[in-house]
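Novice: From first to last, the protein sequence lines are chains A and B. Number 73 in numbering that gives the first Met the number 0 belongs to position 74 of the first sequence; there are no gaps in the numbering. Number 41 in numbering that gives the first Met the number 0 belongs to position 42 of the second sequence; there are no gaps in the numbering.
In short, the hints are calculated from the structure, not lab data. Don't be surprised by glycine CBs; every beta carbon is placed ideally from N, CA and C. Among these hints, one or two may not hold up.
Simulated crosslink set (DMTMM-like; lysine to aspartate or glutamate; CA at most 25 angstroms straight-line) [unchecked claim]:
| # | chain 1 | residue 1 | chain 2 | residue 2 |
| --- | --- | --- | --- | --- |
| 1 | B | K60 | A | D141 |
| 2 | B | K60 | A | D132 |
| 3 | B | K115 | A | D83 |
| 4 | A | K115 | B | D75 |
| 5 | A | K60 | B | D141 |
| 6 | A | K60 | B | D132 |
| 7 | B | K59 | A | D83 |
| 8 | A | K115 | B | E7 |
Among the chain B residues that face chain A by a calculated CB cut under 10 angstroms, a handful are [unchecked claim]:
| # | residue |
| --- | --- |
| 9 | R22 |
| 10 | M24 |
| 11 | H88 |
| 12 | K115 |
| 13 | R119 |
| 14 | L121 |
| 15 | A131 |
| 16 | A138 |
Spelled out from the first residue to the last, the chains are:
There are 2 protein chains.
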Amino acid sequence: MTSATNDEAAIRELLAGLVEAIRAMDLDGIRRFYASDIVSFDFEPPLSYTGLDAKLGNWKKIFATHERPLGYELRDLVVCVSGDVVFSHSLNRISGMRTNGTPANRWVRCTNCFRKIEGRWLIVHDHVSVPADAGSGRAMLDLAP
Amino acid sequence: MTSATNDEAAIRELLAGLVEAIRAMDLDGIRRFYASDIVSFDFEPPLSYTGLDAKLGNWKKIFATHERPLGYELRDLVVCVSGDVVFSHSLNRISGMRTNGTPANRWVRCTNCFRKIEGRWLIVHDHVSVPADAGSGRAMLDLAP
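Generate coordinates for the entire structure from the input sequences, incorporating the hints supplied.
Specialist: Below, the structure written as structure tokens:
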């Protein structure tokens with residue numbers, strides 16, 4: 000295998016580990032995947048925020064409103080790696096039950112950008128969203144691939 | 000300068016060229032920046048689409064609803080390059096006048112991912128969005144950085 004093939008396999012394994020940590024609602028597990036100064040364009044406002052604490056705070060909010068186990072899956076994952084930079088994109092689905100008793104079933108678009116920092120791949124930027132309908136001002140929360 | 004520094008400068012120059020083409024509403028100019036099989040997580044539905052024609056179709060829709068010249072600016076641009084892979088992210092503002100006579104002023108989050116293909120940097124993935132307010136179901140169309 001080439002180095003790039005090895006690295007792509009490593010990133011896919013890493014993302015599988017992140018999915019496991021999310022399903023387990025394991026904040027300490029999730030913490031290991033992000034750079035301390037991650038710039039996140041996240042699902043909810045603001046437009047942009049910086050830092051691991053804010054990122055984990057958003058996961059904490061999701062975990063607080065969902066029952067265990069949380070359903071989380073990726074599809075159409077593309078990983079592109081060169082040297083110490085990677086980007087990946089996928090359609091991610093959160094499912095399971097909300098704590099208010101309603102079923103959860105939401106697909107979001109997710110782009111993750113990694114850098115290898117001191118030998119570890121870390122997410123330094125992510126972008127998570129649903130499309131907007133500009134005419135009606137609605138967030139398209141119920142689309143499925 | 001190192002090769003990475005040169006490449007970062009090249010990508011910043013490329014993005015400046017894309018901004019100019021957008022301001023000029025120059026579809027043929029814009030075409031040069033995208034890979035034929037770009038995977039776009041765009042501002043409006045669907046969740047995801049593939050291909051240059053669809054990408055240009057979306058730009059065409061924006062151009063059809065705005066007066067010339069279109070205002071377009073990037074801020075907080077970060078460019079991260081290694082070998083033949085790049086990601087960049089920024090907050091982008093569309094401004095000017097709509098053809099319906101109302102002023103345009105919208106900030107979006109934009110992540111661009113490039114690959115060097117046959118010696119040319121091309122955008123193979125982009126992700127453009129505003130945040131969603133999950134509670135109200137609103138797209139947050141009027142946020143500013």
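Novice: Does each hint hold? Answer for all of them.
Specialist: Structure-based check of each hint:
1. A C-alpha spacing of about 24 angstroms is found between K60 of chain B and D141 of chain A, which places the hinted pair at or below 25 angstroms, so the restraint holds.
2. Proposed proximity of K60 of chain B and D132 of chain A is supported: the alpha carbons are some 14 angstroms apart, at most 25 angstroms.
3. Straight-line distance between C-alpha atoms of K115 of chain B and D83 of chain A comes to about 15 angstroms, which keeps the hinted pair within the 25 angstroms bound.
4. Among the hinted pairs, K115 of chain A with D75 of chain B is consistent with the structure: their alpha-carbon atoms are about 22 angstroms apart, no more than 25 angstroms.
5. Of the supplied pair hints, the one linking K60 of chain A and D141 of chain B holds, its CA atoms being roughly 24 angstroms apart against a limit of 25 angstroms.
6. A distance of roughly 14 angstroms separates the Cα atoms of K60 of chain A and D132 of chain B; the hinted pair therefore holds under the 25 angstroms criterion.
7. Restraint check: the Cα-Cα separation between K59 of chain B and D83 of chain A comes to about 36 angstroms, which exceeds 25 angstroms; the hinted pair is violated.
8. Proposed proximity of K115 of chain A and E7 of chain B is supported: the alpha carbons are some 17 angstroms apart, at most 25 angstroms.
9. For R22 of chain B, the shortest C-beta to C-beta distance to chain A is roughly 20 angstroms, which exceeds 10 angstroms, and the interface hint is violated.
10. Using the Cβ-Cβ criterion of 10 angstroms, the hint placing M24 of chain B at the interface with chain A is not satisfied: the shortest such distance is roughly 18 angstroms.
11. Because the smallest distance between the Cβ of H88 of chain B and any Cβ of chain A comes to about 5 angstroms, under 10 angstroms, the interface hint for this residue holds.
12. The interface hint given for K115 of chain B holds, since its Cβ lies 9 angstroms from the closest Cβ of chain A, which is under the 10 angstroms cut-off.
13. The beta carbon of R119 of chain B comes no nearer than 15 angstroms to any beta carbon in chain A, farther than 10 angstroms, and the hint placing it at the interface is violated.
14. Evaluation of the L121 of chain B hint against chain A yields a violated restraint, the C-beta minimum of about 12 angstroms exceeding 10 angstroms.
15. The restraint placing A131 of chain B at the interface with chain A holds, with a minimum CB-CB distance near 3 angstroms, inside the 10 angstroms limit.
16. Look at A138 of chain B: its Cβ gets to within about 3 angstroms of chain A, closer than 10 angstroms, so that hint holds up.
When each numbered hint is compared with the structure, violations occur for hints 7, 9, 10, 13 and 14.
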